[in-house]
Structure formats: structure tokens, C-alpha cells
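Protein chains: 4
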Amino acid sequence: MKQQVKKTHWKSKLHDIIYEADTPAGKWFDIILILVIIVSIILVMLESVEGFDNKYHNLLNISEWIITILFSLEYIARIISIKKPSNYVFSFYGIIDFLATIPMYLSLFFIGTQALIALRALRLLRVFRILKLTRYLGASVNLISALKASRIKISVFLFSVLVITIILGTVMYLIEGPQNGFTSIPHSMYWAIVTLTTVGYGDLAPHTPFGQFIASLVMILGYGIIAVPTGIVTSEMTKQDTKIHSNTQSCSNCSFDKHMDNAAFCHKCGEKLNHE
Amino acid sequence: MKQQVKKTHWKSKLHDIIYEADTPAGKWFDIILILVIIVSIILVMLESVEGFDNKYHNLLNISEWIITILFSLEYIARIISIKKPSNYVFSFYGIIDFLATIPMYLSLFFIGTQALIALRALRLLRVFRILKLTRYLGASVNLISALKASRIKISVFLFSVLVITIILGTVMYLIEGPQNGFTSIPHSMYWAIVTLTTVGYGDLAPHTPFGQFIASLVMILGYGIIAVPTGIVTSEMTKQDTKIHSNTQSCSNCSFDKHMDNAAFCHKCGEKLNHE
Amino acid sequence: MKQQVKKTHWKSKLHDIIYEADTPAGKWFDIILILVIIVSIILVMLESVEGFDNKYHNLLNISEWIITILFSLEYIARIISIKKPSNYVFSFYGIIDFLATIPMYLSLFFIGTQALIALRALRLLRVFRILKLTRYLGASVNLISALKASRIKISVFLFSVLVITIILGTVMYLIEGPQNGFTSIPHSMYWAIVTLTTVGYGDLAPHTPFGQFIASLVMILGYGIIAVPTGIVTSEMTKQDTKIHSNTQSCSNCSFDKHMDNAAFCHKCGEKLNHE
Amino acid sequence: MKQQVKKTHWKSKLHDIIYEADTPAGKWFDIILILVIIVSIILVMLESVEGFDNKYHNLLNISEWIITILFSLEYIARIISIKKPSNYVFSFYGIIDFLATIPMYLSLFFIGTQALIALRALRLLRVFRILKLTRYLGASVNLISALKASRIKISVFLFSVLVITIILGTVMYLIEGPQNGFTSIPHSMYWAIVTLTTVGYGDLAPHTPFGQFIASLVMILGYGIIAVPTGIVTSEMTKQDTKIHSNTQSCSNCSFDKHMDNAAFCHKCGEKLNHE
Chain D
157 MKQQVKKTHW
167 KSKLHDIIYE
177 ADTPAGKWFD
187 IILILVIIVS
197 IILVMLESVE
207 GFDNKYHNLL
217 NISEWIITIL
227 FSLEYIARII
237 SIKKPSNYVF
247 SFYGIIDFLA
257 TIPMYLSLFF
267 IGTQALIALR
277 ALRLLRVFRI
287 LKLTRYLGAS
297 VNLISALKAS
307 RIKISVFLFS
317 VLVITIILGT
327 VMYLIEGPQN
337 GFTSIPHSMY
347 WAIVTLTTVG
357 YGDLAPHTPF
367 GQFIASLVMI
377 LGYGIIAVPT
387 GIVTSEMTKQ
397 DTKIHSNTQS
407 CSNCSFDKHM
417 DNAAFCHKCG
427 EKLNHE
Chain G
157 MKQQVKKTHW
167 KSKLHDIIYE
177 ADTPAGKWFD
187 IILILVIIVS
197 IILVMLESVE
207 GFDNKYHNLL
217 NISEWIITIL
227 FSLEYIARII
237 SIKKPSNYVF
247 SFYGIIDFLA
257 TIPMYLSLFF
267 IGTQALIALR
277 ALRLLRVFRI
287 LKLTRYLGAS
297 VNLISALKAS
307 RIKISVFLFS
317 VLVITIILGT
327 VMYLIEGPQN
337 GFTSIPHSMY
347 WAIVTLTTVG
357 YGDLAPHTPF
367 GQFIASLVMI
377 LGYGIIAVPT
387 GIVTSEMTKQ
397 DTKIHSNTQS
407 CSNCSFDKHM
417 DNAAFCHKCG
427 EKLNHE
Chain F
157 MKQQVKKTHW
167 KSKLHDIIYE
177 ADTPAGKWFD
187 IILILVIIVS
197 IILVMLESVE
207 GFDNKYHNLL
217 NISEWIITIL
227 FSLEYIARII
237 SIKKPSNYVF
247 SFYGIIDFLA
257 TIPMYLSLFF
267 IGTQALIALR
277 ALRLLRVFRI
287 LKLTRYLGAS
297 VNLISALKAS
307 RIKISVFLFS
317 VLVITIILGT
327 VMYLIEGPQN
337 GFTSIPHSMY
347 WAIVTLTTVG
357 YGDLAPHTPF
367 GQFIASLVMI
377 LGYGIIAVPT
387 GIVTSEMTKQ
397 DTKIHSNTQS
407 CSNCSFDKHM
417 DNAAFCHKCG
427 EKLNHE
Chain Z
157 MKQQVKKTHW
167 KSKLHDIIYE
177 ADTPAGKWFD
187 IILILVIIVS
197 IILVMLESVE
207 GFDNKYHNLL
217 NISEWIITIL
227 FSLEYIARII
237 SIKKPSNYVF
247 SFYGIIDFLA
257 TIPMYLSLFF
267 IGTQALIALR
277 ALRLLRVFRI
287 LKLTRYLGAS
297 VNLISALKAS
307 RIKISVFLFS
317 VLVITIILGT
327 VMYLIEGPQN
337 GFTSIPHSMY
347 WAIVTLTTVG
357 YGDLAPHTPF
367 GQFIASLVMI
377 LGYGIIAVPT
387 GIVTSEMTKQ
397 DTKIHSNTQS
407 CSNCSFDKHM
417 DNAAFCHKCG
427 EKLNHE
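Residue numbers (this note's numbering), protein chains in the order written: chain D, 157 to 432; chain G, 157 to 432; chain F, 157 to 432; chain Z, 157 to 432.
In case anyone wonders, no lab produced these hints; they're calculated from the structure. Incorrect hints may have been included.
[Unchecked claim] Which stretches of chain F does chain G cover? Using the computed rule of at least three CB atoms under 8 Å from a CB of chain G, they are: (1) 325 to 335; (2) 356 to 368; (3) 376 to 386.
Cβ coordinates follow ideal geometry from the N, Cα and C atoms, glycine included.
Next up, chain D with everything else stripped away, as it sits in the complex (with noise of 0.2 Å):
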């Protein structure tokens, strides 16, 4: 029995280690994860960069498999120290953490699943669990909410532009047609997209007068628009503000309740108000 409660309090720590950020061990073991994640994605990256990878081939593959060998202990380790490993398991971070550790091991059987490495990237987003406990928290909080709150305007505002693309891409391959690149409706939509984002690569421009008369319409078009998200982005975050900033108590007196942060004395009847 005391085995038992040894095994029970080893698990115990290993889950402080792992899944908590305040305490000492928590935090070392937070910063050296970020640390591997950060150097597994250079390791990506080196990968595919041709010249590189020509040279230090077997450095870059023997790095790769410490990083998954490495990532592969911390996936048990974490199922183990959980007393609910489906918690885990299938949670957001659970399937990254899988989806970033078993590329590796899928390359033995089978080929071309490097695509899957791209998933380590999300793994970085730890890094917003580590810094839950800081003042970050509030601000992202904001940020977050703003856009949910934004979240169905958004959605309107993005199907607008989604029905602006499809009318604008077929008009736009009936004027300029196949013989100015625009071969095709969907490319046209494509076009659209990079006009009305104001992007331009210029890969896809309009040759006919007409179709360049269009095409400006078109841009200050996607000149009045860009104005959409960022108006409705802006003034739910000048209300987050406000909500945060906002102090709901009320005077026993005279019951206005629009009082500053720092009012001792409500500025209406001259009551002293009851800190919350």
C-alpha cells in the first residue's frame, strides 16, 4: 500500500511538473519545452532549405529523432501523470502534441508525411499557457473576446465579400478573358481576392482599358471595405475596454452607479460609497 502511495505521489509531481506553470519545476519544465519546440521548427526549417540539408543530411535526420524521441516521452508522460488520459488525449493540445510527434515514425512506412511537421508550428502556442498567468492574460482575453463579439458581423462582412468575389471574378474573366490570364472564373475569383485585399501581387493584372476601368472601381471598392473589419474590430474593442475600465457600483443614496475606478465619495450627492 505504501508502493501505492509513493506511485500515486510520483504521478502527482510529474502532473505538477507538467500540466501546472506557477510552481518552480512547472516553470523550468515550460521554458525547456518551448525551447525544443522552438528548435524542432528551426530544425524544419533548415531541413528545406536545399543547401543546407545537402550538407548536414545525417546531423538534421539524427536531431530530428532526438526531437521526436524527446516529444514522444513528454506525450507519455503527460497521458501517465493525468488521471483522465482522454482529457488529454482529445483535447486542442493533445492532437498537436500527437499530429507534431508522430511524423517521424509515420516516414519509416510510409513516404510524404513531412506535411505533417508543419503541424509542430501550433505546438508555439504553448507559449500563451505559459504566459496564462501573467499580465498577457488580459490583453489576449480582450483581444479574444473583441472578436468573438465581432464574430458574427465578421461572418456577414465575409460573406458580402465572398459574393463580391464570385460576381467581380466572372465579370472580370468575360471582359479580360483567356488571352490576358484570366483563364478562367475561379482564377478571375482569385484575382478578385488579391485586388480586394489590395495585395497585388501583379502576377494577374487587367490589360483591356475597360477591364482596368473595372478593376479601379474594384480596388476602391476593396479600399472602402478594408474599412469594415477594422471598424467593427475597433469599436468592440473600445467597448472591451470600456467594459474592463467600468466600475458598476452604486451609491446608496442616490443609486448612480457611473463612478470612477478611485471615487470614495459618489460624485452625484456626495455620498461615500462602500468599496467593493
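Place chains G, F and Z on chain D using the hints.
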């Protein structure tokens, strides 16, 4: 006479299915309609992809006719089931529906009527009718009323941009000249818009040092004036938000219901307000 | 003496037609003037289109002279009908009108005076005079006062952009060098502005990995600082809106002075308000 | 001892001229300094223009030395006239001044020290010191404090952009591959930044239909996230404006002076306020 009643009943039922979206049958009709519209748009897109069209020309042609017949039936049903057909025929959606239906019929007699097929994308706007009764309404009303309220400011802004474009186009035509691709003033104006809106295809770019200097000024100007539509829409949207969140208590005397949050007396009749 | 009165009367009537926009005759004069200005600008544009100029050279030349004579007559009429001609001649519009009229006369003696014709576009600004008395006034006043109020902030911003441009231009010239198209520091500065403003023609793009890294930083920087003019103008515009919609009447009983525009009673103490 | 006093006096006078900007002599010193800095920057630019350098190499070289000597004298004067030279030498401006002065001396011994000359542009920041006492102060303080206040949000935002860039870079590398110009992941990340920031050079653009589809999503994403920094800065700037325009009446009892505009009683001590 019974016959008459039955016929009216049948018509009224059809009307409910086609024009209403809050009955189960009406909902299904709308969903199927949207799916047919999406299929029709995908068909138009696929037709424009050369390789695909060559391979499946007959299949596409038949599908096109099926869509056209479905649209025709829907158009006729809409006319039959409404009391005053002219109300539908000359409405925004009525005209779009008509123009989206006829291209295939016209193609029997004329060549080059494919252009009208682009209008099918406009039928997608029907989606907004289906979403009419959901929470998306508030968001789109908000968006549209913000854009409507800033209508005049945006007109002044667009007119100023037009004047700037004419001046810049003429100036760049004189500086760079046809030898650098600025073949005419309208073409230079196209360049000015491409630059002001920060699209920057690069199909037309200044080559002389002085032209590049002027272009730099234009870009910084464009940088500055991109702030104007954003400012307009954002400030309008912030206002809209405020309106929606305005106080809804109504005066017990005169029933006026748009009071400021800190109002103690109705500002219309002087009656004391009951704070909620 | 009667002659004198009649002459004055005739002059005063001419003055009303030319300078006033709220009499029927004045309105018609302004509308015709704007139309002539638009025709004159279209003429300048058509002249610059080579194919068109070759075909209709004589027609264009004659039209140009007709426009010039009309402008001359208008210019003389403006001088005659005003009491102090210098008030008009040296005003903003007076100078533009003069410069828009003389190019054809100068072209008899000099070559290359066509450049001045570009100034005709400036005459379009007269449109704002005609709209003077309409609801467009509020919108443009709002726009202009917002821009004026943010004048200093925008200067600070533009100066910072200039310093950043010089530094970036020098750095990229040193990194990329003439072999990659960055032939001189001014040319590199042109690149820096093209990149910072997110125009991105692509006529000049970094080719070395390090140059591309620096360019990436520049773009993200540009992404960030595009927020600054937008922020300035938006916050200013929000303020302007508040000002215009605010009401400054104060209650005679409690002196509260922030009432809604349609307030008839003070919402603080219930006292009747005197509408201004 | 008199000598000592005189020397001190001379030093103190020099200090006033060099370090103070509100005495006439100090003002003149600053204006001349800025002019010399501007001339020095123009020199560096001209030197980089090949044709110009070939023609006037000697003239440029001599001017460069004159500027260097002037800067050296100023640097020495600054060290002499200050009580604690280390306060200046290791300050921000001290380091810039040093680095802007030495390149010519170093060029006698080393090759390729021209890079440091780019730092001369940083000396332009001195302009802000001269404007220190003017109305430009408020504007820049406002700008800087708005940026400072949004520091954390901007960090969160930039980090998110970095993660997105890595993921997109990897995905596009896998989709498009080296045959379409996406030669490595870092190179693809460069493309991702060029696209996300809507710069769009076009030196690297997707060629496969699927790549263009992903690119379209990226552009719309970029369109959306351009709203985030704008929203952050705008809401912060609006807040700053509010702060600056806050009510300045001070309480007669406790002298607290940041009351709300409609405050009737001091919210700190409950004293009745005198409305201005």
C-alpha cells in the same frame, strides 16, 4: 365556388412555402433553393475551366438546362402564388431571378449572352433573406445602417479621391510619358488608383527618379487617406453600437422611450422617470 | 447717372449669377460651368490617347480653343462683376482659373506648356462651392476639421516615417547593393516607401535571404504604423461627431448643460428648457 | 580662482548653448545642427548615386570630412561642457552621435565601415528635442503613450502573426514546392509575410490552383488581422484623448483635480465642487 376556394387555398399554401421562411416547408424550400443556386454557380465556374469544359461539355450543358428549368419553374411559381405579380417581377430579387434564368434561353438565339450568367451570383444574396429571422439580422442591420449613415461622408471622400486621381494621372503622364508605360492620362489614372489604394500590381511603375519621388508622395498620401474611410465607418459603427445599447425605459406620461442613461426626468414632457 | 445705375445694376446682376449659388440663375451658371469643366478635362484625357489624337486632332484642337475662350470670358466676367477684382484674382480659385485658362495662349509662343493643363482638374474643386449650401457641407466640414485637428499628430507621424525611410533605405542599400537593383540610397528609400505603405510594386524586391528578412520586419512595421494615421483620424472623427451632435443649452434651474438635441425638459431636474 | 570661475562660466555658457533649446543662442545652435545633419544625410545619399559620385568624388569626399570634423567638434564640446561626461556619452543620443562621427576616421584604417554612416539618419531624431518645448510635445506624447499602452496587446498580436507565418510558410512550401519558387520554408515565410501584410511584390506568387486557393484564404485573413493593430491603436488613442480632455477643476478641499465632467461633488473627499 368551392373549386375557387380550393384553388386560392392551394395558391396561398404555395405562397407560404415560397415567400415565408419561418414555416418548416418554407425553410426547406429556401435551403433547397440556396443549394440549387450554389450548384448553378459552381457549374458556371467549372464551365469556364477549359480542360474541364472540354472533357464534360455535354454533362455541363445538360446540368445547365436542368438548373435553368428549375429556375424557370420557381420563377413561374413565384408569379402565380403572389397576389400582385408586378410586386415581385419589378422588385430587386424579381429582376435578378429573371436575369439569372434567361441566359440559356437567349443562348438558343444569340451568341455571347453568357455574360448574364454572372448575375446568378447575385441570387446568393437570397441567403440574407433566409437569415432574416435569425440573430444575423442585428449584425447586418448594424453594418448596413453604419454604411448608410456615412453615405454622404463617403461620397465627399470618393469625389476627393476622383479629383486627386485626375490630377495625379495628368502629372504622372507628363513626368513619365509614354516611353515608360504611361501611355495616356486615363492609363496614368489607372496607375494612380492602383497606387493610392496600395494595391500596386507593378504592371505600371515609375522609372524616372522624379516620377519615383512623386510616386512616393502619392503612396504616403494613400497611406494617409486610407485612414479616412476607416475613420468614417469606425466612428459610425461605434455610434450605432451606442444607439443599440441606449436606454429603453419609457416615460409613463408620454411614452417617449429614448432617454439618456442618467436621465431622471423625461426630457420631452418633464415627467419623473422610474429608474429600472 | 441713370446710365451709371443701370450699369451697376447689370454688374450686380452678373455678380449674382456668377458668385451666388442660391439663385436660380446662379445655380444654372454653376451647373453649366461644372459641365464645361468636366468636358475640358475629358478633352485633355482624350488628347493624351495617341490613337484618338491622331484621328481627331483638328476636332480636339478646335474644342480646346472653344473651352479656352469660354474660360477666358468667364474669367473676364468674374473680374468685371466683382467690386475689388484683386479679391478674386489672388484668391485660391482665381489663381487656378487663371492657370487653367492660359495654357492654350502660351502654346502659341512656347512649347511644352501642356503641363499647366493638368491644373484644369483643380477647377473640379468648384463643385464643393456649389454643394456649399447643401447637406454635404456638414460632412465635408466634419472631414476637414477632423483632418485639421489631427494636423500636428500627422506631422509628427510623417516625420517619423521619413526618418524610418532614410534609415531603411540606407540599410537595404548596404545589404542588397546595386547588383540586386538597389542602385542608390534614394532608390532604396523609394523601395522602403513602396514597402512600408504596403503598395509593393515588385519592380524592386530583396533577393538576398538577409535582405528578405529585413524586408519582412519592414512590412510588419508598416503593418503596425498603418494603424497610426487610422487611429489619429478615427479618434478625431469620433470626437467631431460628438461635438456636432452635442447640445450646449443649459438648464435655467440646475445649469446642467448636456441635453439631447430634442430635449424639451432638463432630464436632471425636470425644468422646462428654452430652445435656442 | 577668478580664472576658474571664468572657465566655469564659459563652460556653463557653452552648456546652455548646446543643451538648452529655449535660449536664443541654444535655438540657433540647434537649428544649425539640424541643418548640418540634413546636409550630412544628403551627402550620404548623393555619394550612393553612381553617376554623381563619379563626377564629384573629390568634392563629396572633402564635404564628408568637413561634416565629420564639425560633428567631432560638437561631440567634444558636448563632453567638455557637461558636468558628468558619462551622462552624455552613454545616453541614447550620445551613442548615436559617436557612431555618426567615427565612420570617416575608421575608413582610414578599415574598408566597409560605410555601413555606420546609415546611423547618421538617427541624428535626425534630435529634431524631436528641439520641438520639445512646443505644441508638438502633446501630440507626440499622446502618440507614444498610446503605443506604449498597447505594448502588450501588440506583442500578443505579433506573436500570433509569427505563429501564423510559420504555419503558412510550411503549408505553402509543401503545396507549391521549389518548382514554383517556394524554395525553402524561410522563403515561404517571406512570401507569407509579403501576402499577410498586403504588400504583394509578386516576386513569389502561387501557381497551382490549390496554392492560389490557400493564398486567397491568407489574404482574407490578412485583411481581417490588419484590423487588429488598427483597433488596438485607435481604441488606445481614443482613450488617451479622453484623458487629456478630462476636466481640470480641482477640489477646494483636497485639491484632487481629475473629476468627471458632470461631477457635482469631489469623489475623493465628498466636498462640493464649484462648477467652472
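Tested hints:
1. A count of 0 residues in the segment 325 to 335 of chain F with a Cβ less than 8 Å from any Cβ of chain G is obtained; the coverage claim is therefore unmet, three being the minimum.
2. With 4 residues bearing a CB less than 8 Å from a CB of chain G, the segment 356 to 368 of chain F meets the requirement of three and the coverage assertion stands.
3. Chain G is given as covering the segment 376 to 386 of chain F, and this holds because 3 residues of the stretch bring a CB closer than 8 Å to a CB of that chain, at least three being needed.
Taken one by one, the earlier hints fail for this structure only at number 1.
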